[in-house]
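Protein sequence lines correspond, in order, to chains W and R.
Under my numbering, the residue at position 206 of the first sequence is numbered 414, and the numbers go up by one with no gaps.
Under my numbering, the residue at position 8 of the second sequence is numbered 10, and the numbers go up by one with no gaps.
Just so you know, the hints here were simulated from the structure itself, not pulled from any lab data.
Quick caveat: nothing in here was measured; it's all calculated off a predicted structure.
Please note that a few of the clues may not be correct.
[To be verified] No more than 25 Å apart at the CA atoms, straight line, and that leaves these computed lysine-lysine pairs for DSS-like:
#, chain 1, residue 1, chain 2, residue 2
1, W, LYS553, W, LYS448
2, W, LYS341, W, LYS279
3, W, LYS210, W, LYS269
4, W, LYS341, W, LYS428
5, W, LYS552, W, LYS448
6, W, LYS511, W, LYS420
7, W, LYS457, R, LYS53
8, W, LYS279, W, LYS428
9, W, LYS278, W, LYS434
10, R, LYS53, W, LYS420
11, W, LYS225, W, LYS511
12, W, LYS511, R, LYS57
13, W, LYS511, R, LYS56
14, R, LYS57, W, LYS225
15, W, LYS511, W, LYS553
16, R, LYS53, W, LYS511
17, W, LYS225, W, LYS279
18, W, LYS279, W, LYS259
19, W, LYS210, W, LYS225
20, W, LYS278, W, LYS449
21, W, LYS420, R, LYS56
[Unchecked claim] Taking beta-carbon pairs under 8 Å as the criterion, some of the chain W residues facing chain R (in silico):
#, residue
22, GLU355
23, LEU358
24, VAL364
25, GLY442
26, GLY443
27, HIS463
28, PHE480
Backbone N, C-alpha and C define an ideal beta-carbon position, used for all residues, glycine too.
If you want the building blocks of each chain, they are given just below.
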Amino acid sequence: MKSPQLLAIVPAHNEQKIIANTIVDLLNQSLGISILIVADNCSDDTVSIVKEFERQYPNVKLMETVDNNKKKAGAVNQAITTIGNYPLDAILLMDADTRIDVYAVERAWNTLSSDRTLAAVCSKAGVLPYEGKNLFEWFLYYLQRLEYSLFDSQRVETLGCIKVVHGMAALHRWSSILEVGGFDDDNLVEDYDLTIRYKEAGYNVTIELEMKAWTEVPVKLRDWWKQRLRWNRGGVDTLKKHGWNVVTKNHIIQHYVMNIITIFQWVFLIMFVALLFRGGLLMHGLVLIITLLSMSSSIYRLKYLEERNVLDYVFRLLLIPELLYGILQTSNQYHAYYNFLTNKKQSW
Amino acid sequence: MNGYGPVIPATGGGVFSVALVWGIYSHTWVLVFFSVIALAIMIYSFARLLKGEKKLSIK
Numbered sequence: 209m210k211s212p213q214l215l216a217i218v219p220a221h222n223e224q225k226i227i228a229n230t231i232v233d234l235l236n237q238s239l240g241i242s243i244l245i246v247a248d249n250c251s252d253d254t255v256s257i258v259k260e261f262e263r264q265y266p267n268v269k270l271m272e273t274v275d276n277n278k279k280k281a282g283a284v285n286q287a288i289t290t291i292g293n294y295p296l297d298a299i300l301l302m303d304a305d306t307r308i309d310v311y312a313v314e315r316a317w318n319t320l321s322s323d324r325t326l327a328a329v330c331s332k333a334g335v336l337p338y339e340g341k342n343l344f345e346w347f348l349y350y351l352q353r354l355e356y357s358l359f360d361s362q363r364v365e366t367l368g369c370i371k372v373v374h375g376m377a378a379l380h381r382w383s384s385i386l387e388v389g390g391f392d393d394d395n396l397v398e399d400y401d402l403t404i405r406y407k408e409a410g411y412n413v414t415i416e417l418e419m420k421a422w423t424e425v426p427v428k429l430r431d432w433w434k435q436r437l438r439w440n441r442g443g444v445d446t447l448k449k450h451g452w453n454v455v456t457k458n459h460i461i462q463h464y465v466m467n468i469i470t471i472f473q474w475v476f477l478i479m480f481v482a483l484l485f486r487g488g489l490l491m492h493g494l495v496l497i498i499t500l501l502s503m504s505s506s507i508y509r510l511k512y513l514e515e516r517n518v519l520d521y522v523f524r525l526l527l528i529p530e531l532l533y534g535i536l537q538t539s540n541q542y543h544a545y546y547n548f549l550t551n552k553k554q555s556w
Numbered sequence: 003m004n005g006y007g008p009v010i011p012a013t014g015g016g017v018f019s020v021a022l023v024w025g026i027y028s029h030t031w032v033l034v035f036f037s038v039i040a041l042a043i044m045i046y047s048f049a050r051l052l053k054g055e056k057k058l059s060i061k
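The whole structure should be built from the sequences, with the hints applied where relevant.
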């Protein structure tokens, strides 16, 4: 059987610490793939590191962006334009700070090639271990570790028409990405926008759970807030751009429904805590049992965590850590809504 | 990421079931109403997950 023509495009902006690992992961793939590192306005040693690989491996190439001020999306678009009409089967779009499993490309290709209606297949989204020693940073890291597995379980819920083909690692059919015109480089969440355009063009998108990838997450609250503000603001901007249509209607409804549920949850919790303090509520054993039973679905979802341990279950069962994290998420969401309604410019 | 907008609470139906029990116990029907809706969404979401997993195992 003829080997597929695959190319990994990795945009890299000052990634000297990790770019070598990323390239090695790609070189070690069980299914051969050419590698194009797109150095985007690098001022560190990223370019020289990649050049060294280029000298040693014929399937590693370096490209430097020209006058790109559109971040990752602009870098990828320049690469797509440069490649032009080269006869590829698929491209792997991958962040430079992402590590992938040795079988990731092969698994993704098997899924993509098995169904002509698929435009893209994204990986399972894991989180790289935290190596610092700060307790607060570890706490924030841990909550994101749990959150990312929740994202994966939600993708399985919507198998075949997942909400976002995320940017950390996804295999895109070359003809499909050319058909929709690559990334919208003015979009804050270009992967979400691309996914919607795939669906509007009649394609499906899915997740391949055996395509395993891990990424770094922000562990400082300020960085986390900035990242999420971009995600949340980008989300509503993208829905506004596309408007109400057959693809976006469920996403728009989801905003309303989830906000009603979230507000209800917080109002109830405030009432609950107030009554507990006034001694007006007895914690009945039955309430505790019902609570635990109704949490079984969220405990079940922990199966999407790679290398899960007892602490993961403790975190979830305690309820409080993830409730606190929920307050952060909701606050960030409302900050994004406020910025959207006041038309405030959102930077990366 | 799927986080480009509000997502279902990581705590699942935990909080809403307490609200439901409390609502029934104290005859606060507005509490019962909202918690039933929230729990129905949680159950629907879980059922879809199991359906997705079934599809994956058939594949």
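Taking the hints in turn, this is what the structure says about them:
Distance restraint check for W/LYS553 and W/LYS448: the Cα-Cα separation of roughly 15 Å lies within the 25 Å cut-off, and the hinted pair is therefore satisfied. Restraint check for W/LYS341 and W/LYS279: the C-alpha separation of about 31 Å exceeds 25 Å, so the hint is violated. Of the pairs offered as hints, the one joining W/LYS210 and W/LYS269 holds, with about 23 Å between alpha carbons and a cut-off of 25 Å not exceeded. At most 25 Å may separate the alpha-carbon atoms for a hinted pair to count; W/LYS341 and W/LYS428 meet this at roughly 13 Å.
Between W/LYS552 and W/LYS448, the direct Cα distance comes to roughly 15 Å. Compliance with the 25 Å bound is thereby established for this hinted pair. As the CA atoms of W/LYS511 and W/LYS420 are separated by approximately 14 Å, the hinted pair is consistent with the 25 Å bound. Distance restraint check for W/LYS457 and R/LYS53: the Cα-Cα separation of roughly 22 Å lies within the 25 Å cut-off, and the hinted pair is therefore satisfied. For the given pair, W/LYS279 sits about 22 Å from W/LYS428 by alpha-carbon distance, which is consistent with the 25 Å threshold.
A distance of roughly 18 Å separates the Cα atoms of W/LYS278 and W/LYS434; the hinted pair therefore holds under the 25 Å criterion. A C-alpha spacing of about 22 Å is found between R/LYS53 and W/LYS420, which places the hinted pair at or below 25 Å, so the restraint holds. At most 25 Å may separate the alpha-carbon atoms for a hinted pair to count; W/LYS225 and W/LYS511 exceed this at roughly 31 Å. With a C-alpha separation of about 17 Å, the suggested pairing of W/LYS511 with R/LYS57 holds against the 25 Å cut-off.
Proximity of W/LYS511 to R/LYS56 is assessed by CA-CA distance (about 15 Å); at most 25 Å being required, the pair is judged to hold. Under the criterion of a C-alpha separation no larger than 25 Å, the hint pairing R/LYS57 with W/LYS225 is inconsistent with the structure, at around 40 Å. Restraint check for W/LYS511 and W/LYS553: not satisfied, since their Cα atoms lie roughly 39 Å apart, outside the 25 Å limit. Restraint check for R/LYS53 and W/LYS511: the C-alpha separation of about 15 Å stays at or below 25 Å, so the hint holds.
The straight-line distance between the Cα atoms of W/LYS225 and W/LYS279 is roughly 19 Å, inside the 25 Å bound, and the hint therefore holds. For the given pair, W/LYS279 sits about 22 Å from W/LYS259 by alpha-carbon distance, which is consistent with the 25 Å threshold. Taking the CA atoms of W/LYS210 and W/LYS225, the gap is about 36 Å. The hint is violated against a cut of 25 Å. Our distance criterion of 25 Å between C-alpha atoms is met by W/LYS278 and W/LYS449, whose separation comes to about 18 Å.
The hinted pair formed by W/LYS420 and R/LYS56 meets the criterion: a straight-line CA distance of about 20 Å does not exceed 25 Å. Checking W/GLU355 against chain R: minimum C-beta separation of about 7 Å stays under 8 Å; hint holds. For W/LEU358, the shortest C-beta to C-beta distance to chain R is roughly 6 Å, which falls under 8 Å, so the interface hint holds. Annotation: interface hint on W/VAL364 holds; nearest CB of chain R at approximately 4 Å, less than 8 Å.
Checking W/GLY442 against chain R: minimum C-beta separation of about 6 Å stays under 8 Å; hint holds. Proximity of W/GLY443 to chain R holds as hinted, the smallest CB-CB distance being about 3 Å (cut-off 8 Å). The criterion of a C-beta within 8 Å of any C-beta in chain R is met by W/HIS463, whose closest approach is roughly 6 Å, and the hint holds. Proximity of W/PHE480 to chain R holds as hinted, the smallest CB-CB distance being about 7 Å (cut-off 8 Å).
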